[in-house]
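K.L.:
Here the protein sequences come in this chain order: A and B.
Just so you know, UniProt numbering puts the end of the first sequence at 161, numbered straight through with nothing missing.
Just so you know, UniProt numbering puts the end of the second sequence at 1259, numbered straight through with nothing missing.
Derived by calculation from the structure, the hints in this document are not laboratory data.
Every residue gets a Cβ at the ideal spot worked out from N, C-alpha and C, and that includes glycine.
Hints are not guaranteed to be accurate.
Computed list of chain A residues with no C-beta within reach of chain B, every gap over 10 Å [stated by the list, open to error]:
#	residue
1	D7
2	D34
3	T44
4	K50
5	K55
6	S72
7	K76
8	K95
9	V102
10	V125
11	D131
12	E133
13	V153
Heads up, simulated EDC-like pairs for lysine to aspartate or glutamate below, C-alpha to C-alpha not over 20 Å straight-line [as the list claims (entries may be wrong)]:
#	chain 1	residue 1	chain 2	residue 2
14	B	K863	B	E919
15	A	K50	B	E919
16	B	K106	B	D676
17	B	K808	A	E88
18	B	K808	A	E65
19	B	K808	A	D128
20	B	K830	A	D123
21	B	K808	A	D123
22	B	K830	A	D94
Some chain A residues well away from chain B (every beta-carbon gap over 10 Å; in silico) [to be verified]:
#	residue
23	N17
24	G25
25	R37
26	D135
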Amino acid sequence: MADVSSDDVEKCTFAYNIYDTEGSGQLDCFFLGDLLRALGLNPTQGLIEKLGGTKKKGEKTISFEEFLPVFSQARKDKDCGVYEDFIECLKLYDKAENGLMVGAELSHILLSLGERLNEKEVDEVLKDCLDPEDDDGMIPYIPFLARICEKPVPDDIKPVL
Amino acid sequence: MPEMEQQRVWVSDPIDGFVLGQIVDIGLDEVTIKPFDTKKPKVTSSLDRLYTAEEHDNKDVDDNCSLMNLNEATLLNNIRIRYSKDKIYTYVANILIAVNPYYEIKDLYSSKTIKNYQGKSLGVLPPHVFAIADKAFRDMKVLKMSQSIIVSGESGAGKTESTKYLLKYLCDLWGSAAGPIEQKILDANPVLEAFGNAKTTRNNNSSRFGKFMEVHFDSKCSVVGGYISHYLLEKSRICTQSPEERNYHIFYLLCAGAPEAVTTKLSISKPDDFHYLRNGCTQYFTSSRTEKLLNNDHKSKQQRDKGGLKDAMLDDVEDFKNMDQALNRLGLTEAERHEIYSMVAAVLHLGNVVFEENMEGNKGGSKVTTGSEWSLKTAAKLMGVDPEELRQALVSKVMMTNRGGLKGTVIMVPLKVYEANNARDALAKAMYSKLFDYIVFRINKSIPFKASSYYIGVLDIAGFEYFTVNSFEQFCINYCNEKLQQFFNERILKDEQELYSREGLQVKKIEFVDNQDCIDLIEGKQNGIFSLLDEESKLPKHCAAHFTTEVHKNWGNHFRLALPRTSRLKAHREIRDDEGFLVRHFAGAVCYQTSQFIEKNNDALHASLEGLIQESQNPFLQSLFASSNSGSLKGKLTFISVGSKFKSQLSELMEKLKSTGTNFIRCIKPNQKMVDHQFEGGSILSQLQCSGMTSVLELMQQGFPSRAQFTDLYDMYKKFLPPELARLDPRLFCKALFRALGMNENDYRFGVSKVFFRPGKFAEFDAIMRSDPENLANMVAKVKKWLLMSRWKKTQWCALSCIKLTNKIKYRRECHIVIQKNIRMYLAKKRHRPRYKGIGKINSLQSMLVRMESIISQLKKEKESSIKEVKALQNDLHSAVNKIKINPNIKADEVNQMYTQLMNKANSQMGSLQKKLQEQKSADEQERLKKIQIEMENEKKRKEDEERKKKEDADIRKMKIEIEENRKKEEQIRRRQELEDLKAAAALQEQIEMEAQEDSLFREQLEQERRDHELALRLAQETNGQIEDLSPPSRRFSGVQMSHSTSNNKLNRSENVRAQQAQNNSKYDLSKWKYSELRDTINTSCDIELLEACRIEFHRRLKVYHAWKAKNRRRTTMDENERAPRSVMDAAARTPRVAVKAVAQVNTSTQRYFRIPFIRPAALANGHSADQLADANNKRGWWYAHFDGQYVARQMELHPDKAAILLVAGMDDMQMCELSLDETGLTRKRGAEILEHEFNREWEKHGGKPYVRAMDRAK
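With the sequences and hints as input, model every part of the structure.
P.N.:
Structure, rendered in structure tokens:
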């Protein structure tokens, strides 16, 4: 592979082997998304599906040789999103521009729009990362995002306008 | 001062109202102005009373609303210029201001002029009273609603004349079918004037009563009738007048103009002969022609000595004939007229009855002097009563006993001389006022009154009055004016604003002083002054002092009421507390003396006089009093007082006015001398203020006085339109019309149901619409074209909007996906990372295995067993990895545990293996270790080198980083400070709000105080000689408990505090310093402390000045000459005032440099199309500033399209940023601060001279 350096191949091998639970040299395509994420990529569900990822286990497998082009393809998708983009997204819901949004709206977005997450996933991430709602049902979204992206949580919850 | 701005300003002046001048110094809270008129001294004025002048001060406009700067000063100036050109009428939107010219302007009221104004919209022709009349008529016709025209103004301002012209217009133009009715309405005037007007010091033909004349129209809008209501005839005038004044005209008309037969019959000769006339002015109004007609016997001594009085409008000889004929035309027979004249004569003769003490009886009564017996007889004859009965009724009064003797016994109580005089005067007044009532009644009767559909009412009532001595009459008239003022406020200001908000127009709220409190004070049901007065009258023994005390007791704390001693005039301050009270009317404070209040409030005659008249043989006299008969029986406790009668009359009138459409005419008296072409600015300004014109101006500046319903407009033009246009709905049609006509968007505004026009614009529109058919077709074509275009534009816009919306939805979706994928990433990480890391770590143990194997290979013994052990370990590792792999949900702890287990195992094995190897190869090992050590040392050296290099690198960037750190540090400090301040501010906020509230109240009161002062000043000027008694207008309140400091402005207050702080810090008192002195000090001083103090003071003053300028420039194209970019100004506005500490001393020596981009807002505002917008972007420039300590030292603007502007403090201060560094917020702006050499490079590149710091100069 011309566009995959030997360094990357090593990383890929390592990660691939982890998800190749049986060590059979064939990876269940169910794990394709997770594998790409383990390699530091941040693909959308749409992209994963396009690249051959499956929603259920045991439908399809992929060999390491097949995986390498998939990896390089996924890496081309530059739109992996940085923390700042992420803030921009939630700013759409920040009506008062004070760093707060309606908590219920956040879970609604995650559950029913775009590439929906399931309730378990949402519960987990909200439990881990979200500050409690205030009396008006508002939550500060910047600390939430910071925790998701594993950044230091800033003191100032207001977004930079 | 050459470098000062050449700003021409209006500064208030007590005599001229406002004078033009130039600012020569900016002081602490005030500025010094040098008037252009060299005779006037320099004036120091607060910025509140200073206005910028128009560019062309000699141009006048018909409507004051079209002035560029709308304020009191320009309003006055416009009226002044117009007056000098004989243009006496001026509009303020649709309110007419009329200045009395005091001479006849040719053709101003001719029939031709009347024809001209017919059917023309307001503003088409020059302002005129006819235009108002026409507007009222057209409004009545169009809106199907009665109209009223309120004519108000001071005595002598021309109200009655204006009223006459209004009636003339209404009758001349529209009454042609009515003929005789019109004549009768017009005939009412000479009659009313003869009986109700008199010469006063202020006006030769002063109406001494108020009237509301209704002209009634039928559904076809032709005159069908009229009706006159009258209010408050001044009765005291019948018995006494001031030396310069006269009694009612009718008395003199009879003396001078009546035929010989009449005068002989009535025994009337010359004014000198009558007690009721001889104390006043006894001259007649004559012309040179009528002077000759006068019989010498009828001339008073004054007349013979001084000749007649001259007035273009008055001639006593001629006027009698006119009046007599008018009465005739009104349908009074010769006999009826004679009866009226007899009554007038009876009043005069009655007045001549003199009393003296009756020495005969021991009851201390009085009797008629022998000298006046003849007068008594003549009066009795004219009244048709027995002379003896008249005598009896005058010198005694009938009382009914309540106890002692039989109940109901009538006894005669003799009257003392003064009581008899009072009884005589009361009788005379009653007779005259009843006669006046009768005349009005007769006039109304003579005007036919068929069923009318609408009417136009003209209210002519005396304006606000104030004299040195004010009594009940003034009290009533001023009460009436308070009510009218309130009506005016409601109609013009309140209703207008409500309409705007109902129609959804964005118009700034205008504050106006609500005078409801003053009205309550006067007419309140419980304890209003009228009620208190009536209560007092009902007491068995009423006395003025008790009444006055009651008033003060009830209202002592009220803002509108005060003790006479708080008056500005010395004459009033000498009045005792129980002799008068001071009312702060909307127009100013008036001091009333209460001594006559009770008597004047009661116009009932006492019983014996009442009885006398009822027994009169003169049926006419009897009929005059007929109506009041029933009332007199009810006794004293239920009498209807003058006050309460007036109160109910007035409320009736207000109801009438409220139900009609209203037009206002404000009459202005140009001077006190009643001469032409003399303009007394000060008093005119005060009149304008009193009539509320200045607040109207403020409203109109942003308002839309002309308006029309879409549907009405549509109907009006429907018949001219082709079918495809007629199909449009009214709103769209109107829009299309105005757009197609190219009317500026600022000229009109669309509401919900109406379209609103800026002052004067409706007229333009009207004119275009009524032009020839050719033009009309042209216009219709335009509308079509516009419609097509606008529809196309709309479609385009819709399409664009749809695209925009889809894009937006798409973007949102993308955003959602980004969030979700990140969450997936997070979840994946959370689940798999421990496994991943565990496996990685375990795999790293593999390397240990390799090392173990290599050790084993070097071993000589126990090789086999060691290999086995290693193999076992390897298996363990593999199984652990597999375990982790198979179970994706394995916990991190478990993985770690596994790893530590394995590691311990491996370590122990490794240890044992190494031990073995150690033993075997200790010598070799030693050597190897040594090698390693050397290697490590080398490594160390290399690292040190690297570090040193790094350090150097850091040094290079140090400057920049330091700046950034400083900024951050400051930012942090500021944040902390802000947090603390926030708390303080919250507390302060409440206080400030409270203060602001108090402040606004206080300002309102100050405003009132100022008016009071101006009023007093005016009165003082008119009456002469009291000026030195005038106390200066103190800014502190004496009457009301106000603990405010002297400052009247929040900004000023905080500035004062700062100034004081600065003073405390620097021990310099700069408040007395002149602007120029401050500046020279800054430019030359070597004393650092003084220098800094001066700079603070200097910039503080500049700030106040610029704030004023900005306030006064709201209508002109703003921001042409901004001193710093908008962002800096905004930052200053946001800076909390409390945060400003006197830290200036600490960092005086720091030099800081800043650079920020700016865009000229003017360019932005005009940039409509894309091209222009691009241009606007090109106008982006750079703004550089060098702050020496707290204040700007150098400032530079780099424009892309013109040469750079370089400014240096001490020379160009007016154009420079006046804010202190803290206030600009520049230090908190990211990337704004630059290095000194960066600034200097740009500075020198554009030709700036090197800067000498004040500090260096000091050395």
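K.L.:
Can the restraint linking K830(B) and D123(A) be considered satisfied, given a maximum Cα separation of 20 Å?
P.N.:
holds, 14 Å
K.L.:
Grab the minimum beta-carbon distance between D135(A) and chain B and tell me whether it stays above 10 Å.
P.N.:
Nearest chain B Cβ is 20 Å from D135(A), so the label holds.
K.L.:
With 10 Å as the threshold, tell me whether D7(A) passes as away from chain B on beta-carbon distances.
P.N.:
Given that every Cβ of chain B is farther than 10 Å from that of D7(A), nearest at about 15 Å, it holds.
K.L.:
Is the Cβ of S72(A) more than 10 Å away from each Cβ in chain B?
P.N.:
Check passes; 19 Å lies beyond 10 Å.
K.L.:
When you check the alpha-carbon spacing of K808(B) and E88(A), does it fall within 20 Å?
P.N.:
Since the Cα atoms of K808(B) and E88(A) sit roughly 14 Å apart, the hinted pair holds (cutoff 20 Å).
K.L.:
Hey, is T44(A) genuinely clear of chain B, shortest beta carbon separation above 10 Å?
P.N.:
violated, 5 Å
K.L.:
Going straight from one Cα to the other, do K808(B) and E65(A) come out at no more than 20 Å?
P.N.:
violated, 41 Å
K.L.:
Against chain B, does K76(A) keep a CB gap of more than 10 Å to every residue?
P.N.:
holds, 16 Å
K.L.:
Could you check that no beta carbon of chain B comes within 10 Å of the beta carbon of V102(A)?
P.N.:
Answer for V102(A): holds, closest chain B Cβ roughly 15 Å.
K.L.:
Take a quick look at R37(A) and tell me if its Cβ sits farther than 10 Å from every Cβ on chain B, holds or violated.
P.N.:
violated, 4 Å
K.L.:
Against the 20 Å threshold, does the CA-CA distance of K808(B) and D123(A) hold or violate the hint?
P.N.:
Distance of about 28 Å is beyond 20 Å: violated.
K.L.:
Please settle this one: K55(A) was flagged as non-interface, so is its CB more than 10 Å from every CB on chain B?
P.N.:
holds, 13 Å
Violated hints, listed in ascending order, are 2, 3, 10, 15, 18, 19, 21, 22, 23, 25; each of the other numbered hints is respected by the structure.
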